[in-house]
Amino acid sequence: MIIRDKDNFLPLIAKMLTALNYDKVEMHTGKPYDITAVKDDKKYCFKCQYDIDAVGTAAMKEFVDGTKDMSHDARAFITNSSFISGAKKLGDEAGVLLWDRNTLDRMSIGIKENIVEDVQEETKSGKGLLTGIIIAVVAIAAIAAYFLIIK
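Counting from 1, one number per residue, gives the positions in the sequence shown under our numbering.
Think of the hints as simulated: they come from the structure by calculation, not from any bench.
Any given hint could turn out to be false.
Said to hold, decoys possible - DSSO-like mimics (lysine-lysine), calculated; alpha carbons at most 30 Å apart, straight line: (1) Lys24 x Lys6; (2) Lys31 x Lys6; (3) Lys42 x Lys68; (4) Lys89 x Lys42; (5) Lys61 x Lys31; (6) Lys24 x Lys43; (7) Lys24 x Lys39; (8) Lys6 x Lys39; (9) Lys31 x Lys15; (10) Lys39 x Lys89; (11) Lys68 x Lys15; (12) Lys88 x Lys15; (13) Lys61 x Lys88; (14) Lys88 x Lys39; (15) Lys68 x Lys6; (16) Lys68 x Lys39; (17) Lys42 x Lys6.
To be verified - Pairwise CB distance ranges (calculated): (18) Leu148 x Asp73: 54 to 64 Å; (19) Glu62 x Ile149: 53 to 63 Å; (20) Ile149 x Thr18: 49 to 59 Å; (21) Glu62 x Asp23: 40 to 50 Å; (22) Pro32 x Asp105: 56 to 66 Å.
The beta-carbon is built from N, C-alpha and C at its ideal position, and this holds for glycine as well.
Could you put the whole structure together from the sequences, leaning on the hints where they help?
Shown next, in the form of structure tokens:
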């Protein structure tokens with residue numbers, strides 16, 4: 001499974017984890033990790049980074065330092081790319097699971113082929129709903145303004 005969609009990388013990984021039988025898959029913002037999930041009674045936290053270049057030592061250090069005092073049983077750093085040797089070494093020393101594009105490809109075998117298209121469609125339908133709501137609110141405001149100005 002080749003991932004070429006930066007905007008949907010996080011939802012795609014969340015959907016992939018669900019397909020791999022992880023439970024309680026939740027996306028987070030503003031934390032040193034992006035996803036939490038449970039599998040076999042182990043709590044995981046995942047950092048997801050979409051990048052053209054290999055993940056560097058600074059990004060790995062930020063994740064390791066930001067999650068070392070957390071109550072997770074396992075940590076994983078996921079990328080569509082690869083890891084530079086310094087990031088690999090730091091991750092290995094900290095016990096972080098390193099999932100690069102090759103790992104994602106191997107893990108995706110047996111997962112529904114069109115998972116990428118499913119995530120893209122869900123994102124588009126969500127944007128369509130939001131657009132519809134905005135149009136409805138603007139229309140109601142215009143009608144209300146019309147009646148207020150006439151009276």
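Verification of the hints:
Of the pairs offered as hints, the one joining Lys24 and Lys6 holds, with about 23 Å between alpha carbons and a cut-off of 30 Å not exceeded. For the hint pairing Lys31 with Lys6, the CA-to-CA distance comes to about 19 Å; that is within 30 Å, so the pair holds. In summary, the hint linking Lys42 to Lys68 is supported, as the alpha carbons are separated by about 16 Å, within the 30 Å threshold. Among the hinted pairs, Lys89 with Lys42 is consistent with the structure: their alpha-carbon atoms are about 24 Å apart, no more than 30 Å.
Between Lys61 and Lys31 the alpha-carbon distance is near 14 Å, which keeps this suggested pair within the 30 Å criterion. Restraint check for Lys24 and Lys43: the C-alpha separation of about 9 Å stays at or below 30 Å, so the hint holds. Pair hint Lys24 plus Lys39 holds up; C-alpha atoms about 9 Å apart against a cutoff of 30 Å. For a cut-off of 30 Å, the pair hint linking Lys6 to Lys39 stands: about 26 Å separates their Cα positions.
Restraint check: the Cα-Cα separation between Lys31 and Lys15 comes to about 20 Å, which is no more than 30 Å; the hinted pair holds. At most 30 Å may separate the alpha-carbon atoms for a hinted pair to count; Lys39 and Lys89 meet this at roughly 26 Å. The suggested pairing of Lys68 with Lys15 holds, with an alpha-carbon distance near 26 Å, which does not exceed 30 Å. Using a Cα cut-off of 30 Å, the hinted pair Lys88 and Lys15 holds, with the two alpha carbons roughly 25 Å apart.
Distance restraint check for Lys61 and Lys88: the Cα-Cα separation of roughly 11 Å lies within the 30 Å cut-off, and the hinted pair is therefore satisfied. Distance restraint check for Lys88 and Lys39: the Cα-Cα separation of roughly 24 Å lies within the 30 Å cut-off, and the hinted pair is therefore satisfied. For the hint linking Lys68 to Lys6, the alpha-carbon distance of about 27 Å falls within 30 Å, and the restraint holds. With a CA separation close to 20 Å, the supplied pair Lys68 and Lys39 stays within the 30 Å bound.
At most 30 Å may separate the alpha-carbon atoms for a hinted pair to count; Lys42 and Lys6 meet this at roughly 28 Å. A beta carbon spacing of about 59 Å between Leu148 and Asp73 agrees with the range 54 to 64 Å that was offered as a hint. The beta-carbon spacing between Glu62 and Ile149, approximately 55 Å, falls within the hinted interval of 53 to 63 Å. With their beta carbons about 51 Å apart, Ile149 and Thr18 fall inside the hinted range of 49 to 59 Å.
Under the hint 40 to 50 Å, the C-beta atoms of Glu62 and Asp23, about 27 Å apart, miss the expected range. Between Pro32 and Asp105 the beta carbons are some 26 Å apart, a value that contradicts the proposed interval 56 to 66 Å.
Checked against the numbered hints given earlier, this structure breaks hints 21, 22; the rest are met.
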